[in-house]
Structure formats: C-alpha cells, structure tokens
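Once you have looked at the hints, place chains B, C, D and E on chain A.
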Amino acid sequence: MTICTVVGHVWATKKENSLSGLKLMVVREERGGRKTVSEYVAADLVGAGIGERVLVVSGSTARRASGGDERMVDSAIVGIIDSLEVDREHASR
Amino acid sequence: MTICTVVGHVWATKKENSLSGLKLMVVREERGGRKTVSEYVAADLVGAGIGERVLVVSGSTARRASGGDERMVDSAIVGIIDSLEVDREHASR
Amino acid sequence: MTICTVVGHVWATKKENSLSGLKLMVVREERGGRKTVSEYVAADLVGAGIGERVLVVSGSTARRASGGDERMVDSAIVGIIDSLEVDREHASR
Amino acid sequence: MTICTVVGHVWATKKENSLSGLKLMVVREERGGRKTVSEYVAADLVGAGIGERVLVVSGSTARRASGGDERMVDSAIVGIIDSLEVDREHASR
Amino acid sequence: MTICTVVGHVWATKKENSLSGLKLMVVREERGGRKTVSEYVAADLVGAGIGERVLVVSGSTARRASGGDERMVDSAIVGIIDSLEVDREHASR
Numbered sequence: 001m002t003i004c005t006v007v008g009h010v011w012a013t014k015k016e017n018s019l020s021g022l023k024l025m026v027v028r029e030e031r032g033g034r035k036t037v038s039e040y041v042a043a044d045l046v047g048a049g050i051g052e053r054v055l056v057v058s059g060s061t062a063r064r065a066s067g068g069d070e071r072m073v074d075s076a077i078v079g080i081i082d083s084l085e086v087d088r089e090h091a092s093r
Numbered sequence: 094m095t096i097c098t099v100v101g102h103v104w105a106t107k108k109e110n111s112l113s114g115l116k117l118m119v120v121r122e123e124r125g126g127r128k129t130v131s132e133y134v135a136a137d138l139v140g141a142g143i144g145e146r147v148l149v150v151s152g153s154t155a156r157r158a159s160g161g162d163e164r165m166v167d168s169a170i171v172g173i174i175d176s177l178e179v180d181r182e183h184a185s186r
Numbered sequence: 187m188t189i190c191t192v193v194g195h196v197w198a199t200k201k202e203n204s205l206s207g208l209k210l211m212v213v214r215e216e217r218g219g220r221k222t223v224s225e226y227v228a229a230d231l232v233g234a235g236i237g238e239r240v241l242v243v244s245g246s247t248a249r250r251a252s253g254g255d256e257r258m259v260d261s262a263i264v265g266i267i268d269s270l271e272v273d274r275e276h277a278s279r
Numbered sequence: 280m281t282i283c284t285v286v287g288h289v290w291a292t293k294k295e296n297s298l299s300g301l302k303l304m305v306v307r308e309e310r311g312g313r314k315t316v317s318e319y320v321a322a323d324l325v326g327a328g329i330g331e332r333v334l335v336v337s338g339s340t341a342r343r344a345s346g347g348d349e350r351m352v353d354s355a356i357v358g359i360i361d362s363l364e365v366d367r368e369h370a371s372r
Numbered sequence: 373m374t375i376c377t378v379v380g381h382v383w384a385t386k387k388e389n390s391l392s393g394l395k396l397m398v399v400r401e402e403r404g405g406r407k408t409v410s411e412y413v414a415a416d417l418v419g420a421g422i423g424e425r426v427l428v429v430s431g432s433t434a435r436r437a438s439g440g441d442e443r444m445v446d447s448a449i450v451g452i453i454d455s456l457e458v459d460r461e462h463a464s465r
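Protein chains in written order, with our numbering: chain A, 1 to 93; chain B, 94 to 186; chain C, 187 to 279; chain D, 280 to 372; chain E, 373 to 465.
No wet-lab data here; the hints were simulated from the structure. Don't take each hint at face value.
Heads up, simulated DMTMM-like pairs for lysine to aspartate or glutamate below, C-alpha to C-alpha not over 20 Å straight-line [what the hints assert, rightly or not]:
#, chain 1, residue 1, chain 2, residue 2
1, D, K293, D, E349
2, E, K386, E, D459
3, A, K23, C, E202
4, B, K107, B, E163
5, B, K116, B, D162
6, A, K23, A, E70
7, D, K302, E, D459
8, C, K200, C, E256
9, C, K209, C, E238
10, D, K293, E, E457
11, E, K386, C, D268
12, A, K23, A, E52
13, E, K395, D, D366
14, D, K302, D, E349
15, B, K116, D, D366
16, D, K302, E, E457
17, A, K23, B, E178
18, C, K209, E, E457
19, E, K386, C, E256
20, D, K293, E, E424
21, E, K386, C, E238
22, E, K395, E, D441
23, E, K395, C, D255
24, B, K116, B, E145
25, C, K200, A, E52
26, D, K293, E, D454
The following block holds chain A by itself, in its conformation from the complex:
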C-alpha cells in the first residue's frame, strides 16, 4: 500500500459502466521523496476527504476491493491514516 494525500476530485460523464457510482479522487503519492511525486486517480472506498493521508492499493487488489472483478478500477483508497510513526534513525534522509 502506498501513502498518499488526497488532493482533488475528477469527474467523467462518459465512462466504462462499471465505474458508475464510484467516487474518484486525485491522490498524490510521495514514494521516493519530492522528485518522484506522482498524481493519479483512485476510487475512494472509505469516505476520504481533501487533505487526508490515505492508504492506496493498486492493480488487481484495487479491482477486488472496489466491489469485485467486474469493477474496472486499478487504484483504490482503502484506509485513512490516523497516525504514522517512522523511526528516523533507520529512515533518516
């Protein structure tokens, strides 16, 4: 799961049927520090709001999490992060 911040919404009227009813949000991922920031779209499964830090799953796991193999989703928000504790001795940089 990647750690992302919810930064926006996206609307698409013309879309594959199985996406109807899903809330699609723009998330920003910082996997490798500022240089490799990326923004993409994830289906929100937990009621996340703008500015919240969330856990995002990808690939076939996101499809399954979104309601079964018929949902054409490859990225989904599956948790809202309450707290994150990183040991800077080991993660320093």
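Leaving out everything else, chains B, C, D and E in the frame of chain A:
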C-alpha cells in the same frame, strides 16, 4: 487510474488476433510532472478523441475492461475527464 | 521480492474491513541505490521489528500471502533476512 | 501496450520448460524519452524482425497471450506497428 | 522478462512457509542503463550461479513458475542466458 492525454493513433496490421477491432490510441501520461512523461498505447473503450484528457487503467484490469480475459490488452481508456479539481494547497509544488 | 528495512508503523481506524487485524508497517526499499529510495506500507506476516531487513512481495502475491484473495493488501513482509551475501565483483558500484 | 523497437535475440539453453519453442527477443522501450530507455526480453508472437517497431504487453496479459497460464512469460510482442501518428500539438515536448 | 546478473544469496530463517526450500538469490537488473540499476531477490528455478546472466520474470507469472499459486514469490529466475545478440545500429547508445 492514471490521467492521460490522447495524442495519437497507432495501426498494426500484423497482430495478435484478439486485438482486432480495438481502436488503439497513443496516450501521454504525466504522473510525476514533466520529467517522467511517458507515451504508450491504450485500447479506447469510450470513444475518446485526440487532445482529450482520459482515465487509463492498466494490467489485468485493462484486459478485463476490454472484453474479457481473452483480449490481449494491458492498458485501456475507461473514461473521458470532464473536469478535474485539484486543491493546490495540498498539491502545491 | 524486494529488500527493505522496516522503519515504522501506520495506524488507520477507518479502513476497508479486510485490513482489520493486520499489522501495517512502513518499509523503506532501496532498489536502485539512494536516489530511488521509496517508503510504503506492507502487511507484516512474520513478526518483523523496526530496523530489521525484510523480504517484501507485491501485487496479487501479497494479497494471497495475507490470507487469501479477500484481503485487500498489495504489499506484504514475507521473510526476515538473516544474512545477505553479495559478490562485489559482479555487483560493484 | 508499450511501443518498442526490436533490437536483438537472446538464447537460453537451460530454462523453465514452458519457455521452450518461444522466440525470445530483446526489445527497447522508450516510455519517457531518452532518459528512461530500457531493454528487456519479450516472447515474439507475431514474427517480428530486428529494427521493427512493435507493441509489447506485460504481466499476466503476456502470459495469457503466449499460450495460456502455463507459459512462464511476462512480456510479449503482440503487434507490428505499421504506422504511428502523434499530434505534436498535444504531445509537444 | 528482464536481463539480470546473479550477484548474491539471501538467507531468511523466519519466513512465510511457502518459501521453504526455495533458493533465493540477489539479482541485479540493468533495465535502463547504469542510472536505474536495481537489486532485488528472485527464486532460482534453473540452478543459476553467481555471475551468470539470467532471465527473470515478475508478478503472478513468477508465483506460478515457482510451483503454483500457493508459493509466495513475485520474482523468479527462469533461464540462464547463453548468448545475447543486440543490434547496435538500432539499440545504439
């Protein structure tokens, strides 16, 4: 799902049978800003046109979206973006 | 499998049901040297502690390792590394 | 699908059984311009030759395209590109 | 499949059960030239030795190659490269 812009078409006469009848388009993805722009080919499932911003799914989800597990596709356009609202306070960079 | 160091914990009260009961840890991966370091979250399946080097699997393999296809996990710690022997003649740099 | 150029062949006598009989070719991918060029090996399913531009699929789609779930392939050439038309107004960089 | 060099071994006493009996090796991949070198761990299915160039598969294909869907592996060595012939006219750089 990634946010892409449709930038072109690709034609292939000699191809795996299951690709017949699919409209193959070149999409440009900007996941991490200009430095990591990438262009690749996606099957268009929603009637997208050149210059439109679209949602693209990858991997096994794209294969399923394209008509079942027998379609040899790993990238597909599943939505045309009407509007995209990003909160610059949280996404600033 | 990627070689990671466990660097932290993450807590999420509001989450997809299938994540309940899983210990979620922050891992740091160094696939390509210092420049491409990335931190993300993995379900701990082997009782790993902060500072330990671990083996992490991704994608559908992580979901299966975490207890079956119903677990919405895409990254999991599956081993604690006792020792790692790299031949510097071949891996030099 | 990614756009690649076929640049070579690879031979492996000692290999997993299911790879027997497959033509393995080295392809060069240019997803993000010159800086992120990568070369890897794909099973050729369409009779591609050195220097030709081709469409390459990855992951479980490549395995299925190569003759079913028992083929241990994760990258396959599924089409030979006849022509590629990219709108430079939208793809300019 | 990616082209890697075997550069080491890894030992893990405490691990997910399905990894028992697998030989785990450290491989170095050079997909995009020296700048994007990465090292990770793959299950060796063909008796590879340190210094040999090998073909490595990833994802669900690696899991299947390693003995079925119950093996918690996402990277596997499936061939030892005898020779690799790359046309420098097309692959120059």
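Comparing the hints with the structure gives:
1. D/K293 / D/E349: holds, 18 Å
2. E/K386 / E/D459: violated, 45 Å
3. A/K23 / C/E202: With a Cα-Cα distance of about 15 Å, the restraint between A/K23 and C/E202 holds, given a limit of 20 Å.
4. B/K107 / B/E163: Holds: B/K107 and B/E163 sit about 18 Å apart, inside 20 Å.
5. B/K116 / B/D162: Holds: B/K116 and B/D162 sit about 18 Å apart, inside 20 Å.
6. A/K23 / A/E70: holds, 16 Å
7. D/K302 / E/D459: Status holds; Cα separation ~16 Å.
8. C/K200 / C/E256: Roughly 18 Å between the alpha carbons, so the hint for C/K200 and C/E256 holds.
9. C/K209 / C/E238: This hinted pair holds, its Cα atoms lying about 15 Å apart.
10. D/K293 / E/E457: This hinted pair holds, its Cα atoms lying about 17 Å apart.
11. E/K386 / C/D268: holds, 8 Å
12. A/K23 / A/E52: holds, 15 Å
13. E/K395 / D/D366: violated, 50 Å
14. D/K302 / D/E349: With a Cα-Cα distance of about 16 Å, the restraint between D/K302 and D/E349 holds, given a limit of 20 Å.
15. B/K116 / D/D366: Judged against 20 Å, a Cα distance of about 16 Å means the pair holds.
16. D/K302 / E/E457: holds, 13 Å
17. A/K23 / B/E178: Holds - the C-alpha atoms of B/E178 and A/K23 are around 13 Å apart, at most 20 Å.
18. C/K209 / E/E457: violated, 47 Å
19. E/K386 / C/E256: Outside the cut-off at roughly 25 Å; violated.
20. D/K293 / E/E424: holds, 12 Å
21. E/K386 / C/E238: holds, 12 Å
22. E/K395 / E/D441: Holds - the C-alpha atoms of E/D441 and E/K395 are around 18 Å apart, at most 20 Å.
23. E/K395 / C/D255: At roughly 26 Å apart (the allowed maximum being 20 Å), C/D255 and E/K395 break the hint.
24. B/K116 / B/E145: Judged against 20 Å, a Cα distance of about 15 Å means the pair holds.
25. C/K200 / A/E52: holds, 12 Å
26. D/K293 / E/D454: holds, 8 Å
Hint compliance for this structure: hints 2, 13, 18, 19 and 23 are broken, all remaining hints hold.
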